[in-house]
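Number of protein chains: 2
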Amino acid sequence: MYAVIMAGGKGARFWPRSRNRLPKHLLDIVSEQTIIQETIARIAPLVPPEKTLIVTGAGHAGELMRQLPEIPQANILIEPVGRNTAPCIGLAAVAIRKAVGDDVMIVLPSDHKIADEPTFCRILQAAAGTAECGNHLVTVGIEPTGPETGYGYIEKGERRMTVAGEDVFAVQSIREKPNREQARALLNQGGFFWNSGMFIWKASAVLTAMAAYLPDIHAGLLEIEAALGTADQDEVIARIYGGFRSISIDYGIMEKAANTLLVPGDFGWSDVGSWDALWEVSPRDDQGNAVRSGRGLIAIDSRNNLVYSPQKLVSLVGVEDVIVVETEDALLICRRGESQAVKQVVDTLEEQGRQDLL
Amino acid sequence: MYAVIMAGGKGARFWPRSRNRLPKHLLDIVSEQTIIQETIARIAPLVPPEKTLIVTGAGHAGELMRQLPEIPQANILIEPVGRNTAPCIGLAAVAIRKAVGDDVMIVLPSDHKIADEPTFCRILQAAAGTAECGNHLVTVGIEPTGPETGYGYIEKGERRMTVAGEDVFAVQSIREKPNREQARALLNQGGFFWNSGMFIWKASAVLTAMAAYLPDIHAGLLEIEAALGTADQDEVIARIYGGFRSISIDYGIMEKAANTLLVPGDFGWSDVGSWDALWEVSPRDDQGNAVRSGRGLIAIDSRNNLVYSPQKLVSLVGVEDVIVVETEDALLICRRGESQAVKQVVDTLEEQGRQDLL
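Chains as they are written, first to last, in this note's numbering: chain A, 1 to 358; chain B, 1001 to 1358.
Just chain A, with the same shape it has in the complex (with noise of 0.2 Å):
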């Protein structure tokens, strides 16, 4: 059984510390571990370092293979350019196809995080073993907490099988991300899921599909598996890659196929979009501040804040709902709750030409 962890986003919602060259999963922002870290040290106790592969942008190999030393240089696959999901999982199932013939995949983002880990484990094993006993393409759905507009929803239908104890369901549908009436409707009427963006299916299976709904990306595909290993592999990809049009893995391939699975999971998920998502997820004192500081904390009369500061001894004076993060270059000061603007901030900075602030 192969993971396949995609490690090509941008993370520009936690500028300032996320920059071009750190983006998001290559920082440790939910823990001492870099976020890629915890997602490889996640899956181990499934898959092997030697099984597990990594796509990810040039820009960021050298940093990577840095922060992870224990898998192998060669299971670092380079996209040299983004194209969203579906190329990217292409990529790596033309990889996996190529080396063993075929496997099972286990399709990972790089980025979240989990809290129950024993449980996420039992769920991808249930996963697994559904997408191993045939052609099926399996999600995992997350059992919604609220009606959060930053996900996507994916609605069960009946029961197909019962697999290491859990039920999986066929997918009825696939919902893009709703606004807050639409999400409160969706919970009210039951039966959906968040999209948790993992993926569980052979390498077989994905090609198959791809082949019928993407046959455009497939064809492209199959010229880089002839390639792969030989002396052409890098000017091939190269080639070929920038040529893919953008697409996702859900409106490409799981919002058509007809043989698409759900594995209800319920393990402390969180996609940490955010700085307000990262507050929501981090060890909070009895005055719900989240400090990471350097040098100790002093807080005077201080409510619900997140603060990083790495270096230097943090003081709140009656401030509440306040972000606020430190770096060497730059300073961020954010209400709670409006974090989504720092996105703002990065396009201004974009704009400005601050190629010294990316």
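Check before you lean on any hint, since a few could be wrong.
As the list claims (entries may be wrong) - With the Cβ distance kept under 7 Å, some of the chain B side facing chain A (calculated, not the full set): (1) 1312; (2) 1314; (3) 1316; (4) 1330; (5) 1332; (6) 1333.
Simulated from the structure, these hints should not be mistaken for lab results. Just so you know, these numbers come straight off a predicted model, no measurement behind them. Idealized CB from N, CA, C, for every residue including glycine.
Since the structure of chain A is provided, determine the placement of chain B on it from the hints.
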């Protein structure tokens, strides 16, 4: 005419910028110059550097000389310990008497901000003229702009004279810092001025008053005067000054003497006593943000903040009424209006023995 600058302050309220080794008056907190550099430059039209004395603690003399190379080293009078303003002024008075017999001395705090310097000089000249023609103890009272509770108040009595175009009044009463209600009542009643801590008198006049109202301190000052310029000077000052009680000139002399006079002044004065007061006197952008940043500012929907971050780009997102101050080893985040509690942070650091941060 002499100027005597009282530079004994600690300025814990500007932590984390102010430190034991670097009190408020040695900081460039209001402008590009340090506060004491501004103070010296402001008085320079009236008093040359050779006649400007600075009374300060031993720990600050080095930095003070570095910042004020134009002041002769002999003009820096070292207090072995801080004993409030009465001994400080007495020390300067005997130094002047020893040097030139007698002269008018303009006594100024080292750490105030004055917007209208020409008017300031005009008022001081009138006060000096008043002091010169008698043994009056003259103080400058500031036209109040609101019911401030952070200042003492002086009540004017009947008009006594007009000097250089300025009316000079008897001092009717002196009030300690009032509460908000009392301050409102004083303003409604009228005839009250803020106590600026500026005093103008002949050295002989203040020493006569000390002999009458602070005879113990006066006796010690005579011993110091005898030792000035001898080999014993430092030893005598250390011994005598250490034995002085701590007492303010307001409480020790001004509240008791009968020959006190008041010159009202209105020249944009502030004692800049806190981060909140600094926001009040700082230049602010259209959105009310006073930001000093090393690499620029990006503000989105943010108002009325004070931010100091000398090395970094500052980005504000959706925040109002927050004070953020970043130094090499500390980060303060404080709600505007709460900055008097910064003193509590310093007290906590003292309790914890965090000498590195004090």
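For each hint, the structure was consulted:
For residue 1312 of chain B, the interface hint holds, since its Cβ comes within 7 Å of a Cβ in chain A; the closest pair sits about 5 Å apart. Checking residue 1314 of chain B against chain A by beta carbon gives a least distance of about 5 Å; that is within 7 Å, so the hint holds. With 7 Å as the threshold, the beta carbon of residue 1316 of chain B comes within range of chain A, its nearest partner Cβ sitting at about 5 Å, so the hint holds. Taking 7 Å as the C-beta contact cut-off toward chain A, the hint placing residue 1330 of chain B at the interface holds, the least distance being around 5 Å.
Nearest Cβ of chain A to the Cβ of residue 1332 of chain B: about 5 Å, under the 7 Å cut. The hint holds. Residue-level restraint check for residue 1333 of chain B holds (minimum Cβ-Cβ distance to chain A is 5 Å; threshold 7 Å).
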